[in-house]
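Undergrad: Residues per chain are reported as follows:
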Amino acid sequence: MNKVVKNVEDALTGIESGMTLMLGGFGLCGIPENSIQQLVKLGVKDLTCISNNAGVDDFGLGLLLQQKQIKKMISSYVGENAEFERQMLSGELIVDLIPQGSLAERCRAGGAGIPAFFTPAGYGTEVAEGKEVRIFNGKPHILESALTADFAIVKAWKGDTEGNLVFKATARNFNPMMAMAGKITIAEVEELVPAGELDPNFIHTPGIFVQRIFKGEKFEKRIEQRTVRKNN
Amino acid sequence: MNKVVKNVEDALTGIESGMTLMLGGFGLCGIPENSIQQLVKLGVKDLTCISNNAGVDDFGLGLLLQQKQIKKMISSYVGENAEFERQMLSGELIVDLIPQGSLAERCRAGGAGIPAFFTPAGYGTEVAEGKEVRIFNGKPHILESALTADFAIVKAWKGDTEGNLVFKATARNFNPMMAMAGKITIAEVEELVPAGELDPNFIHTPGIFVQRIFKGEKFEKRIEQRTVRKNN
Amino acid sequence: MALDKNGIAKRIAQELRDGWYVNLGIGIPTLVANFIPEGIEVEFQSENGVLGMGPFPFEGEEDADLINAGKQTITVQKGAAFFDSSMSFAMIRGQHVQLTVLGAMEVSQSGDIANWKIPGKMVKGMGGAMDLVASAENIIVAMMHTNRENESKILKECTLPLTGAGCVKRVVTELAVLEIKDNKFHLIERAPGVSVEEIVSKTQGDLVVPEVVPEMQL
Amino acid sequence: MALDKNGIAKRIAQELRDGWYVNLGIGIPTLVANFIPEGIEVEFQSENGVLGMGPFPFEGEEDADLINAGKQTITVQKGAAFFDSSMSFAMIRGQHVQLTVLGAMEVSQSGDIANWKIPGKMVKGMGGAMDLVASAENIIVAMMHTNRENESKILKECTLPLTGAGCVKRVVTELAVLEIKDNKFHLIERAPGVSVEEIVSKTQGDLVVPEVVPEMQL
Chain C
1 MNKVVKNVED ALTGIESGMT LMLGGFGLCG IPENSIQQLV KLGVKDLTCI SNNAGVDDFG
61 LGLLLQQKQI KKMISSYVGE NAEFERQMLS GELIVDLIPQ GSLAERCRAG GAGIPAFFTP
121 AGYGTEVAEG KEVRIFNGKP HILESALTAD FAIVKAWKGD TEGNLVFKAT ARNFNPMMAM
181 AGKITIAEVE ELVPAGELDP NFIHTPGIFV QRIFKGEKFE KRIEQRTVRK NN
Chain F
1001 MNKVVKNVED ALTGIESGMT LMLGGFGLCG IPENSIQQLV KLGVKDLTCI SNNAGVDDFG
1061 LGLLLQQKQI KKMISSYVGE NAEFERQMLS GELIVDLIPQ GSLAERCRAG GAGIPAFFTP
1121 AGYGTEVAEG KEVRIFNGKP HILESALTAD FAIVKAWKGD TEGNLVFKAT ARNFNPMMAM
1181 AGKITIAEVE ELVPAGELDP NFIHTPGIFV QRIFKGEKFE KRIEQRTVRK NN
Chain E
2001 MALDKNGIAK RIAQELRDGW YVNLGIGIPT LVANFIPEGI EVEFQSENGV LGMGPFPFEG
2061 EEDADLINAG KQTITVQKGA AFFDSSMSFA MIRGQHVQLT VLGAMEVSQS GDIANWKIPG
2121 KMVKGMGGAM DLVASAENII VAMMHTNREN ESKILKECTL PLTGAGCVKR VVTELAVLEI
2181 KDNKFHLIER APGVSVEEIV SKTQGDLVVP EVVPEMQL
Chain X
3001 MALDKNGIAK RIAQELRDGW YVNLGIGIPT LVANFIPEGI EVEFQSENGV LGMGPFPFEG
3061 EEDADLINAG KQTITVQKGA AFFDSSMSFA MIRGQHVQLT VLGAMEVSQS GDIANWKIPG
3121 KMVKGMGGAM DLVASAENII VAMMHTNREN ESKILKECTL PLTGAGCVKR VVTELAVLEI
3181 KDNKFHLIER APGVSVEEIV SKTQGDLVVP EVVPEMQL
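Protein chains in written order, with our numbering: chain C, 1 to 232; chain F, 1001 to 1232; chain E, 2001 to 2218; chain X, 3001 to 3218.
Because the hints were derived from the structure by calculation, they are not lab data. Watch out, some of these pointers could steer you wrong.
Think about it this way: if two alpha-carbon atoms lie no more than 25 Å apart in a straight line, the pair counts; the simulated SDA-like pairs of lysine to any residue are [as the list claims (entries may be wrong)]:
#1 K1158/F - Y3021/X
#2 K2169/E - E1126/F
#3 K72/C - V3123/X
#4 K3078/X - D1199/F
#5 K1218/F - P1194/F
#6 K1230/F - E2061/E
#7 K1131/F - P115/C
#8 K131/C - L1063/F
#9 K1131/F - V95/C
#10 K1139/F - N2138/E
#11 K2169/E - G2103/E
#12 K1218/F - V1044/F
#13 K3121/X - D96/C
#14 K3124/X - V95/C
#15 K2121/E - E1085/F
For reference, chain C alone in the conformation it holds in the complex (with noise of 0.2 Å):
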């Protein structure tokens, strides 16, 4: 099943202001750069993204903060952002903020057909307000629900023409379960391969999930925080 599109243009056809989407990456690792870019140049605005981290102010989804056109962030961590900030402030954005766990959990129980589990992260804290609260084993857990979205977004190391993905070290991060998580799943890859290249016992995620995939034009893989020893 050819997944194959020509570009990040075709890729993203579809998504419109309004809609719900998710975006792999954690920090700016494993960010879909292009996807991104390219949602800067369609201008869709009043959109709501999930993503465990908003990007810093010139880069990530920080550009789509600079351009507006973010309505609502459901993340773990949104430090480092000075834009951010000021519209979270002023209460132009609205920000749900998610312990990074349930966020990802609540992504692939989304995916899974699950539509809620109960977790023990953020009882007793202002996380649980609203929320059921059922003791197991002793233990207080409050009932968390799943998210989905309309697109999913996310970038992979190599992918092949039925969608199948790999990613490399800690680029993985949240790109799994929001690849599962989309109505549509849209993946940028590095290197996009025929069929039949990737060891079917290695595939990180199954094509089942990703209805488009397109090999990104460029990758600059901003470091947020380069630390390094000394060479001898």
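Given chain C, put chains F, E and X in place with the hints provided.
TA: Relative to the frame of chain C, chains F, E and X by itself:
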């Protein structure tokens, strides 16, 4: 962290009568053959075994059934086993049948610290009896709880000294979730390699879930339904 | 004339749509793979952890580590993927598999299906059937219209323990294609040469029969 | 004399046990990795999806695809594994990580911890902290005993929004090691040269002081 034990005898130390065991495999595919034979030798009784299937009369868990070592089976499908049938119909053996997807997810939940989740599987059937029903998106779901075990025994293709595991083809099946859900997880592998030989990008079960690993002495890998095309 | 198993499978294969991922149950459903219409590409999922199943292996090329949910040795096609059971049922429960074809002992006009247990007899278990029927958007049941005693299996209400409630929308038997809607069976097509009267007489559930019932085109 | 950050990290490192998997938070906790006692082997988990973290890379060897939860470039050791975020938190929530070390703005004598939000200021989010504190069997909080205004952060009740309730069992500050039990802080050790009086005066929560309070052995 070296998890290697010398042999199957050392690996199964501590397993006692009355315990709950998880055993990986689907049919006879990917079952921990060496460990099952050792359980027969140990003669531990009154076991609760969580395993998708119950083996055949003279292989897999069928061997434990022959010796009447199993008190209760928690499975999704238990056909192809005459001794099983006899014990079940006579009431010697307690059988808890669970939809296959719920069984897999309940094991994962047990390993992932999720005490319960909602699934549509089994609604309106006897599987739902006594379980909470709740409507999500207009569709009824039932609340299923996590499964854990005193010992999980899994079979992998390759493993390293740190307990990282890699499975082959459909011999993966229930092994990864069960590895997560054992208080102590034992892995028997076809090939045991030094740490660093498995590509960290392509580990199926990270070593954190495995407490003991050993190279199985012999793998018969019996085929249940040999089905072939004629050569030209 | 009533269809044979291959005929049922061939008719069901007409329901396939290009680009679908499909889960085929054991028995007649497995045969559907042999009748994929020209110009249509589908991919087969097996719940034990494989996407992109191919034909059975050539003799001598069987791999004990590569089987389908019926425990038969199989092969895979280019672009296949293996995964664990929780991922497999994530695909099924999450409705990423577009069509499920499975057998049944009974179906009812409310869409209930029974196919896993006969009280008093050996119970083999539901395997993945309950997950499949509870979640699939499209379920086609492949079954015989009557049992060996010539009693209808197309019922007002199932008599056997259910596998799923209100989930079946389409049934293909050796005699007919039935749709389930508004708590009734609707006769959509009849097998070549089979009379509406025969179908009516072998259907215990409420059956809506339109003025013209086309023959299947096989 | 009060400990510096490295001193706190060194004292916490004494709590490590051979064979443990450990999650270190940002700040002082990160420094713990530099003081692993001789003869003890531990492995570091980072919640963004890596087990077996190694030291920072040499200059020029940074890989943008390989970072820790603090977004710093890292390396991995032999036997490392990468995984996705849901698997990572399965490890954490499922209590497969034996120890979590993290910082805090406040802790209370009931084991509550606050470290993610100051009302009226910019909120950065809890990241993985709520999952970590809710699930870890062993949590050690690394923090300063007082804030810049010299007000105690070791409190009867937290004043800031909580990260977790009733979860902290041990606190290591520049002055002392405290255990939380029976809704009280218990003074276990004092920093070398630090008086019990100083610790008492800087602790707002109820503090149980035994007759003899040993000095830390660093």
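Undergrad: Run every hint past the structure and note whether it holds.
TA: Going through the hints against the structure:
1. K1158/F - Y3021/X: The given pair, whose Cα atoms are some 22 Å apart, holds under the 25 Å limit.
2. K2169/E - E1126/F: At roughly 22 Å apart (the allowed maximum being 25 Å), E1126/F and K2169/E satisfy the hint.
3. K72/C - V3123/X: Measuring from Cα to Cα gives roughly 15 Å; hence the hint holds.
4. K3078/X - D1199/F: Answer holds: K3078/X to D1199/F is near 10 Å, not above 25 Å.
5. K1218/F - P1194/F: This hinted pair holds, its Cα atoms lying about 20 Å apart.
6. K1230/F - E2061/E: Answer holds: K1230/F to E2061/E is near 11 Å, not above 25 Å.
7. K1131/F - P115/C: At roughly 16 Å apart (the allowed maximum being 25 Å), P115/C and K1131/F satisfy the hint.
8. K131/C - L1063/F: The hint is violated at about 48 Å.
9. K1131/F - V95/C: The given pair, whose Cα atoms are some 36 Å apart, is violated under the 25 Å limit.
10. K1139/F - N2138/E: Within the cut-off at roughly 15 Å; holds.
11. K2169/E - G2103/E: This hinted pair holds, its Cα atoms lying about 13 Å apart.
12. K1218/F - V1044/F: holds (22 Å)
13. K3121/X - D96/C: holds (16 Å)
14. K3124/X - V95/C: holds (10 Å)
15. K2121/E - E1085/F: Judged against 25 Å, a Cα distance of about 10 Å means the pair holds.
Checked against the numbered hints above, the structure breaks hints 8, 9 and satisfies the rest.
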